[in-house]
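S.K.: Per the numbering used here: the sequence shown = residues 1010 to 1237.
Simulated from the structure, these hints should not be mistaken for laboratory data. The structure presented is a predicted model; accordingly, all values stated were derived computationally and were not measured. The beta-carbon is built from N, C-alpha and C at its ideal position, and this holds for glycine as well. Fair warning: there could be bad hints in the mix.
Said to hold, decoys possible - Here are the computed distance ranges between Cβ atoms for each label pair:
no.	residue 1	residue 2	range
1	1116	1141	41 to 47 Å
2	1053	1164	34 to 40 Å
3	1135	1078	44 to 50 Å
4	1136	1207	47 to 53 Å
5	1118	1184	25 to 31 Å
6	1133	1075	35 to 41 Å
7	1085	1208	40 to 46 Å
8	1081	1123	23 to 29 Å
9	1139	1116	41 to 47 Å
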Amino acid sequence: MNTFTLTAIVGLGLALSASSATAASLNTSGTWTNTEPALSISGEGTNTISWGTGGTSSYVFEGVSTTVEIDDLIDTPFLLGQFTHNNFPIFPPSLESATLNIDFSLDSFNQTFSFDFTHFETPNSDTPCAAGGVQPCPDLVSFPNEGSSQLITLDGIDYNFTLIGFSQNGPDNAVNEFLTLENQTNTADLFAKLTEVQEVETVPEPAGLLGILALGGGIVTLKRKRGN
1010 MNTFTLTAIV
1020 GLGLALSASS
1030 ATAASLNTSG
1040 TWTNTEPALS
1050 ISGEGTNTIS
1060 WGTGGTSSYV
1070 FEGVSTTVEI
1080 DDLIDTPFLL
1090 GQFTHNNFPI
1100 FPPSLESATL
1110 NIDFSLDSFN
1120 QTFSFDFTHF
1130 ETPNSDTPCA
1140 AGGVQPCPDL
1150 VSFPNEGSSQ
1160 LITLDGIDYN
1170 FTLIGFSQNG
1180 PDNAVNEFLT
1190 LENQTNTADL
1200 FAKLTEVQEV
1210 ETVPEPAGLL
1220 GILALGGGIV
1230 TLKRKRGN
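Between the sequences and the hints, there should be enough to build the whole structure, so can you do that?
M.R.: Dropping the structure here:
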């Protein structure tokens, strides 16, 4: 199965209060890099890469430019941009992997997130279709859940920045796989979410706890001796 391995390069410090309804300008854009196989892919360094012999398929990322409330980014899916796979019949070689670098700006704050994609180009006439669906067999784009969450800090508070997935009918239906139909332009919204990291109380290890108990016993013994 093809996967988008998402590795967000984040180390954020943002002087905005997440607890207040603060309006901010949210802007995203993207470029593709690290395409494999490199010799058969065109458009590296732009928001569109294409490949194929006898036809052309492509990936396109379109960012967003909008005004948001800071609170609306916390525990609520928000739109990062639109991903498009123009899926048309081609002869090998096909795209195997690429990195999407998303430039994420919130007012004066700016950070780049790097997402590694893997592409599953299926034989169109397989029975059954390798990725599901019906002939002509669709291709599959996906990302692993374990690579979709990264730690960020907003106003001194730690959050998990989680890429939720692709959806063509709203954030509540976002999933980490996108089955793209042959001979079509397939577009899906790409959603993310911020979730506050909950502090975990530390429990003394058994050795440390025994030491505390032993110290307490020594104090009791000392008091008894002094009492005698």
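S.K.: Are the hints correct? Go through all of them and say.
M.R.: Hint by hint, here is what the structure shows:
{"no.": "1", "hint": "1116 <-> 1141: 41 to 47 Å", "result": "holds (42 Å)"}
{"no.": "2", "hint": "1053 <-> 1164: 34 to 40 Å", "result": "holds (36 Å)"}
{"no.": "3", "hint": "1135 <-> 1078: 44 to 50 Å", "result": "holds (47 Å)"}
{"no.": "4", "hint": "1136 <-> 1207: 47 to 53 Å", "result": "holds (49 Å)"}
{"no.": "5", "hint": "1118 <-> 1184: 25 to 31 Å", "result": "holds (29 Å)"}
{"no.": "6", "hint": "1133 <-> 1075: 35 to 41 Å", "result": "holds (38 Å)"}
{"no.": "7", "hint": "1085 <-> 1208: 40 to 46 Å", "result": "violated (22 Å)"}
{"no.": "8", "hint": "1081 <-> 1123: 23 to 29 Å", "result": "holds (25 Å)"}
{"no.": "9", "hint": "1139 <-> 1116: 41 to 47 Å", "result": "holds (45 Å)"}
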